[in-house]
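Q: What follows is the residue order along each chain.
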Amino acid sequence: MQTTVSLWPLIGVAVIIAGFLLRFNPMLVVAAAAVVTSYAAHFPPEKILAAIGTGFVKTRNLPLILLLPLAVIGLLERHGLREHAQAWISKIQSATVGRLLIVYLLLRELTAAVGLTGLGGHPQMVRPLLAPMAEGAAVTRYGKISDALRYKLRAYAAATDNVGLFFGEDIFVAFGAIVLMTTFLHEAGIDVAPLRVAAFGIPTAICAFLIHGFRLYRLDKNLDREFGYNAGKPAIGTTPPQSTDAVSDDSRGDQA
Amino acid sequence: MILSITYLYWLVGIILLITSGMILSDKTHTRRFSSGGFWLVYAVIFLIGDKLPPALVGALVIVMALIAGFGGVLSGKTQTLTEEARRASAKRLGNKLFIPALTIPAVTVIGTLLAKQLVFGGTPLLDPKNITLVSFGVGCIVAVLLACLLTRDTVGQSMKEARRLTEALGWAVVLPQMLGMLGLVFSDAGVGKAVAHLVTTTINMDTRLVAVVVYCVGMALFTVIMGNGFAAFPVMAGGVGVPILVGVHHANPAAMVAIGMFSGYCGTLLTPMAANFNIVPAALLELPDKNAVIKVQVPTALSILAANIALLYFMM
Chain A
307 MQTTVSLWPL IGVAVIIAGF LLRFNPMLVV AAAAVVTSYA AHFPPEKILA AIGTGFVKTR
367 NLPLILLLPL AVIGLLERHG LREHAQAWIS KIQSATVGRL LIVYLLLREL TAAVGLTGLG
427 GHPQMVRPLL APMAEGAAVT RYGKISDALR YKLRAYAAAT DNVGLFFGED IFVAFGAIVL
487 MTTFLHEAGI DVAPLRVAAF GIPTAICAFL IHGFRLYRLD KNLDREFGYN AGKPAIGTTP
547 PQSTDAVSDD SRGDQA
Chain B
32 MILSITYLYW LVGIILLITS GMILSDKTHT RRFSSGGFWL VYAVIFLIGD KLPPALVGAL
92 VIVMALIAGF GGVLSGKTQT LTEEARRASA KRLGNKLFIP ALTIPAVTVI GTLLAKQLVF
152 GGTPLLDPKN ITLVSFGVGC IVAVLLACLL TRDTVGQSMK EARRLTEALG WAVVLPQMLG
212 MLGLVFSDAG VGKAVAHLVT TTINMDTRLV AVVVYCVGMA LFTVIMGNGF AAFPVMAGGV
272 GVPILVGVHH ANPAAMVAIG MFSGYCGTLL TPMAANFNIV PAALLELPDK NAVIKVQVPT
332 ALSILAANIA LLYFMM
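Chains as they are written, first to last, in my numbering: chain A, 307 to 562; chain B, 32 to 347.
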């Protein structure tokens, strides 16, 4: 055992795990973990605060992507963007939740793979467009759906955006991760062309599409079974509502 | 004139300042001083955070965490149009409503692609280090103006909407940045070294398969803890990847790093620490269960991780 490595900073990891398991407020948990970790590393109090402050200022770029689109998304929602997204998808007869999300997964992964990561995202694409479309497709096919199912479909929409982005962007040669990896190898004395690193990402990217796509296909099948839906026949006991009725089911999403 | 990311920080700071002003002057708000104060402090950090002494910013961050931790950040009552009005408006505007929403990605992509051409007098128009973010910011500004034109509404109303959504998201807005900060503190304090030390001294990795599993699962687990594959990568690739996979088992370095990073991304899908991908969307989509997105991702993440182990084992 080398004695040069101190294991004390790991106590911060313990604070994080305990805090999340005990369901304390995450803001408090993270702040506590930062203080405990720097204390365990023998930082004096002034330096603890300075480490937190410097880290927080350095990461100001992270919330930009969330905060900047809120004004325009909110304004469009006020004028019925989500209602229109639902009505729009209900006009496409062959649209199902699974098919919609598979198409989105493919587009998200392919565009991310050529560096166009800005084409998706939760505030500007999933909340105003993709999630309402997924709900609209389900309402058109199955009639009235429960709140629990609505929440599940929204979670699937968010998850699909994540999977498409993560496993697409890493095969784009100019992406930061590739730069990080080749720089790291270079410092370890190994020189590898970025293109080779990107190429070795392709099999995983294909697996990710097949695995998540299969789960979305299964989602459709399970929903069909749950609602007793057969192709060509409307769901048992319900008639597909007009698109305007379908829209009215989602009033609760916009409460103040 | 170069459009640097600093202007976007100022813009966000001004929007947050307006939000906090609206809350502080809202007499119907049950927690107007603590909520308004929370967003005011956040606005100050965006506007002048880099000019203040770091220890003072650190103290402000602790204050924000305490306000949020003890339930001080609550949503006020905001006016929205009735559902009938929204539906009527959706009918009237139709597909035009999509235009401003799609303007954001369109401008982002155009900016990213044209950045190299947009040079005036030797100075690039868009901050070369942050091309995507700056293009995204420009896209959002253009989209607000377009939306105001199409809906005949005002920029003032768009600020009210920004306040409504910011309050609906609450402290979840700040969480990704808190976690980013924690990642930096962790690496300052040597958490990565301690983890690599634990892994390499407790597990015997003479067998090829064991080494591959330790490396891939280790990347995923460490990413679960740090919330970020980039933070986990140097630790696992430095601790296991280069010395053991490449050094002992003669793995292909390109395969080792590429599949290692993807194993980390499987961890990202599993952790509340990756707040901007998992917790913020749950808040944005108004899901009652904050872990709903993670729960949907678990089967996908574990299957891809298993695929990664197999791919690395057979390709290296």
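Take the hints with a grain of salt, since some may be wrong.
Stated by the list, open to error - Under 7 Å between C-beta atoms, here's a sample of chain A residues computed to sit facing chain B:
1) 311
2) 328
3) 360
4) 420
5) 424
6) 489
7) 501
Claimed, not checked - Cut-off 27 Å, straight-line C-alpha distance, at most; resulting in silico cross-link-like pairs (DSSO-like, lysine-lysine):
8) A/450 <-> B/326
9) A/450 <-> A/527
10) B/160 <-> B/82
11) A/527 <-> B/58
12) A/527 <-> A/397
13) B/58 <-> A/364
14) A/397 <-> A/353
15) B/326 <-> A/364
16) B/160 <-> B/147
17) B/108 <-> B/224
18) B/160 <-> A/450
19) B/122 <-> A/450
20) B/191 <-> B/58
21) A/364 <-> B/122
22) A/397 <-> B/147
23) B/122 <-> B/58
24) B/224 <-> B/127
25) B/127 <-> A/364
26) A/353 <-> B/82
27) A/364 <-> A/353
28) B/321 <-> A/353
29) B/326 <-> B/191
30) A/397 <-> B/127
31) B/127 <-> B/58
32) B/326 <-> B/108
I should point out that these hints are in silico values taken from the structure, not numbers from a laboratory.
Just so you know, these numbers come straight off a predicted model, no measurement behind them.
Glycine included, C-beta positions come from ideal geometry on N, C-alpha and C.
Q: Now, for every hint given, state plainly whether the structure supports it.
A: Now for the hints, and whether the structure bears them out:
1. 311: Holds, because the Cβ-Cβ distance from residue 311 of chain A to chain B comes to roughly 4 Å (cut-off 7 Å).
2. 328: violated, 13 Å
3. 360: Cβ of residue 360 of chain A sits 5 Å from chain B, so the hint holds.
4. 420: violated, 10 Å
5. 424: holds, 3 Å
6. 489: violated, 10 Å
7. 501: violated, 9 Å
8. A/450 <-> B/326: holds, 24 Å
9. A/450 <-> A/527: holds, 18 Å
10. B/160 <-> B/82: Holds. Residue 160 of chain B to residue 82 of chain B sits at ~21 Å (cutoff 27 Å).
11. A/527 <-> B/58: violated, 51 Å
12. A/527 <-> A/397: It holds: about 21 Å lies between the C-alpha atoms, which stays within 27 Å.
13. B/58 <-> A/364: violated, 35 Å
14. A/397 <-> A/353: This hinted pair is violated, its Cα atoms lying about 60 Å apart.
15. B/326 <-> A/364: Between residue 326 of chain B and residue 364 of chain A the Cα gap is close to 31 Å, so the pair fails against 27 Å, i.e. violated.
16. B/160 <-> B/147: Holds, because 12 Å separates the two Cα atoms, which is no more than 27 Å.
17. B/108 <-> B/224: violated, 48 Å
18. B/160 <-> A/450: violated, 49 Å
19. B/122 <-> A/450: Measuring from Cα to Cα gives roughly 22 Å; hence the hint holds.
20. B/191 <-> B/58: holds, 16 Å
21. A/364 <-> B/122: violated, 45 Å
22. A/397 <-> B/147: Status violated; Cα separation ~41 Å.
23. B/122 <-> B/58: At roughly 35 Å apart (the allowed maximum being 27 Å), residue 58 of chain B and residue 122 of chain B break the hint.
24. B/224 <-> B/127: violated, 54 Å
25. B/127 <-> A/364: Given that 27 Å is the threshold and the Cα spacing comes to 38 Å, the pair is violated.
26. A/353 <-> B/82: holds, 17 Å
27. A/364 <-> A/353: holds, 16 Å
28. B/321 <-> A/353: violated, 33 Å
29. B/326 <-> B/191: Given pair residue 326 of chain B, residue 191 of chain B is violated - Cα atoms ~33 Å apart, limit 27 Å.
30. A/397 <-> B/127: holds, 17 Å
31. B/127 <-> B/58: Since the Cα atoms of residue 127 of chain B and residue 58 of chain B sit roughly 37 Å apart, the hinted pair is violated (cutoff 27 Å).
32. B/326 <-> B/108: violated, 31 Å
Checked against the numbered hints given earlier, the structure breaks hints 2, 4, 6, 7, 11, 13, 14, 15, 17, 18, 21, 22, 23, 24, 25, 28, 29, 31, 32 and satisfies all the rest.
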